[in-house]
Amino acid sequence: IGFGFFQEWYEEHVQRPRSEALQVGETTIDLDYFARRLKLSLTGVGLQDPNQAQAAILSVIWTLEREELLVQRAPADLGVSVTPEEIELEIGDRLGLTQSAPDAFASALEQELKRSDLSDEEYQRVVEADVLSRKVQEVFSLSVPQTTEQVRMRQILVGTEDEARSLLERLDGGEDFGDLARELSLDSATKEVGGERGWLDSATKEEGGERDWLTRDELDLKYAVEVFDLEVGTLSQPILARGGYFIFEVQ
1 IGFGFFQEWY EEHVQRPRSE ALQVGETTID LDYFARRLKL SLTGVGLQDP
51 NQAQAAILSV IWTLEREELL VQRAPADLGV SVTPEEIELE IGDRLGLTQS
101 APDAFASALE QELKRSDLSD EEYQRVVEAD VLSRKVQEVF SLSVPQTTEQ
151 VRMRQILVGT EDEARSLLER LDGGEDFGDL ARELSLDSAT KEVGGERGWL
201 DSATKEEGGE RDWLTRDELD LKYAVEVFDL EVGTLSQPIL ARGGYFIFEV
251 Q
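Residue numbers for the sequence shown follow full-length UniProt numbering, so the first one is 1 and each next one is one higher.
Quick caveat, the hints were computed from the structure, so don't treat them as lab data. The reader is advised that the hints may include incorrect statements.
[Stated by the list, open to error] Below, a list of computed lysine-lysine pairs in the DSS-like style, where the Cα atoms sit at most 30 Å apart:
1. K135 with K191
2. K114 with K135
3. K39 with K135
Nothing here was measured: the structure is a model prediction, and the numbers come from that model.
Please model the complete structure; the sequences and the hints are all you need to start from.
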């Protein structure tokens, strides 16, 4: 099914094989190369419905864009590069051979190029992108701090400042935070778990509560600066945020 889909797609789309399929930076990827990479990705794959076929095409587009961006930008942006020797070693690992057996290496590489329907240059570029990807991951893993200061907190979201101040009075009067969260909170993500918000790290405070990996609903966490300075067991004053006013408890 996968190959049949490819044949149908190829006949429909690749009328001019040297026409442009993708543009990534200054590199143009033509339809012929795109089609060969798509065919390679479908080898041994059975596609049961059109949605799977569409997903396969999008996956190849993403892969090609990723490879090109790695090759184009990793050296300049991160100082990460791959030498010809490293590419040869990686190819040898893939083939299960080493350059110490040149005849066997050359023969195995020739068979691999036939199987993949890629030229030697194209194959080496794919390998280069894979090695770059691993090196980039290593760079980022080394840049992640091993420890960071954190606070754990609970929250209740209400609609107005008056409601927030009334809530604060009830909490100061001894009512249970979790019970009030389940009763009053407008935040569906934490309401049923008694307002449990989880952990907030110090980097969130230092960056004004805005972190690029937060969800859309969390992008306005300016309150992080205030919450992080609270003593354990204390309550915040009403804090304006998108959707209403928060009361936080640091645990």
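Verification of the hints:
1. As the CA atoms of K135 and K191 are separated by approximately 42 Å, the hinted pair breaks the 30 Å bound.
2. The suggested pairing of K114 with K135 holds, with an alpha-carbon distance near 28 Å, which does not exceed 30 Å.
3. Distance check on the hinted pair: K39 and K135 sit about 28 Å apart at the alpha-carbon level, within 30 Å; holds.
Going down the numbered hints, you'll see the structure goes against just number 1.
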